[in-house]
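In the order they appear, the protein sequences are chains W and H.
Under the numbering used here, think of the first position of the first sequence as 1, with each following residue one higher.
Under the numbering used here, think of the first position of the second sequence as 1, with each following residue one higher.
No lab work stands behind these hints, which were simulated from the structure alone.
All of these numbers come straight from a predicted model, not from anything done at the bench.
Misleading hints may appear alongside valid ones.
Same chains, same label: a pair holds when it works inside one copy or across any pair of copies.
Below, computed lysine-lysine pairings styled on DSS-like, alpha-carbon distance capped at 30 Å [said to hold, decoys possible]: (1) Lys247 - Lys106; (2) Lys83 - Lys6; (3) Lys175 - Lys245; (4) Lys6 - Lys175; (5) Lys83 - Lys247; (6) Lys175 - Lys83; (7) Lys175 - Lys98; (8) Lys98 - Lys245; (9) Lys140 - Lys109.
Read off the chains here:
There are 2 protein chains.
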Amino acid sequence: MGRLTKMQDGFGRGIYDWHMGREGVEIGERDDGWIDTTAGPGTYFTEYAEWRPVVQEAADMAAGRVLDVGCGAGRVALHLQSKGLDVMGIDVSPLAIKVCRLRGVKQAKVMSITEVGPALGTFDTIVMFGNNFGLFGSFKRARWLLRRFRNLTSPGARIIAQTLDPYDTDQPGHKAYHRANRRRGRMGGQIRLRIRYLNYCTPWFDYLMVSETELRRIVAGTGWRVARILRQDQANPRYTAVLEKEKPS
Amino acid sequence: MGRLTKMQDGFGRGIYDWHMGREGVEIGERDDGWIDTTAGPGTYFTEYAEWRPVVQEAADMAAGRVLDVGCGAGRVALHLQSKGLDVMGIDVSPLAIKVCRLRGVKQAKVMSITEVGPALGTFDTIVMFGNNFGLFGSFKRARWLLRRFRNLTSPGARIIAQTLDPYDTDQPGHKAYHRANRRRGRMGGQIRLRIRYLNYCTPWFDYLMVSETELRRIVAGTGWRVARILRQDQANPRYTAVLEKEKPS
């Protein structure tokens, strides 16, 4: 998904309204017609003390110069900045970036994950919280971006990315969607969706949810290795992957 | 809107899930792309004690044999039945009617408002709570149905119907919609919408919201007169119209 126009910024409009005290509801629509409210916009404003311990632990692993991909309302960027880290947040939503700046994020840019390049300098940590591993989009694109991120990061760099195992569900509608995805040559958890908020609506985009096995297949051979998997508990499909750079062979 | 098929029953599926303890979110989508959560399904289960006093007062005006049009989860039907009234509830949603029966509504039928006819017998009160004046659909259809209801009711009969003044809003998106409606020859508050719940989705249907002035224009010459307008307060766009039969001239 590229940078959003005003009427496409369903994601940022909800964030902006919430910031201004108007508590609306963000809606996610999948391309098979499945529709539901998301966790946002409220959760995009939570503070470190409200996060689950495992998310706090993951955030604590960020160090040095940090790139926050899909920074939303800036909750992670603000926390890391308050710890003295040098953080740059990027998001395709102009209104999300506006809210980041209003809330005090010092470096916030309207930019897509595919636009991340050498002009931004070198990073020690790339964070993708709130299921933002999904922004990798597809198997192929994830591998392409991981290789690119390798060249934009320092030798000891980490990628800290959250996702959830899409197959850890009893919902027949979700299982049927995963099967249909595979039939058309996509990963099961490659969710095509759009975010809607009042009369604002993003374009359709692919948001990638992966099992741990799929994650390892994606990462293999990209110059990164899965250093840790953090889970709150086995009953929760959410987890955080910590990737570290492989030593040059 | 005619009787709903299984996958069209977005409205009833939410009600059924709620009844079974699964609290989902009902979503309303307008034909200009405006989307938001509705008050349901939770509010379809509220009890008399939870209703605003003005709604209690309106419900108290029901007497004799009652037809509840768009009875939903049966909240009004159950209340009137508990007071000893003879109540029949109808709804286009098979799952709503199923829940009505599970909750103890004695007479509940899957039936559209346009299917109401002499086979049901004669009614002393027709109730349309929860904005269900909207089920009249359009100016023309409302007048046609009011005339028909005249022939299906006793001499002292009442229609008790809730609506809201659509023009009592500051939202530019709603105002633009009302103007666009008028340009295409519709009433401003003739909202074309569909109800969505997970992967269930009703067909598009017209739901009619009217100002008091529009209400009076619709009712004039149908054999009914506006006997009372009940409002909680002037700041609230919601109101209840009590129609009574005109004496034959």
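These are the hints, each one checked on the structure:
1. Lys247 - Lys106: neither (33 Å within a copy, 74 Å between copies)
2. Lys83 - Lys6: Cα proximity of Lys83 and Lys6: none, with 33 Å in one copy and 54 Å across.
3. Lys175 - Lys245: Cα proximity of Lys175 and Lys245: none, with 34 Å in one copy and 55 Å across.
4. Lys6 - Lys175: between (34 Å within a copy, 19 Å between copies)
5. Lys83 - Lys247: within (29 Å within a copy, 79 Å between copies)
6. Lys175 - Lys83: neither (42 Å within a copy, 47 Å between copies)
7. Lys175 - Lys98: between (38 Å within a copy, 27 Å between copies)
8. Lys98 - Lys245: This pair counts as neither: shortest intra-copy Cα distance 33 Å, inter-copy 58 Å.
9. Lys140 - Lys109: within (25 Å within a copy, 54 Å between copies)
Checked against the numbered hints above, the structure violates hints 1, 2, 3, 6 and 8; every other hint is satisfied.
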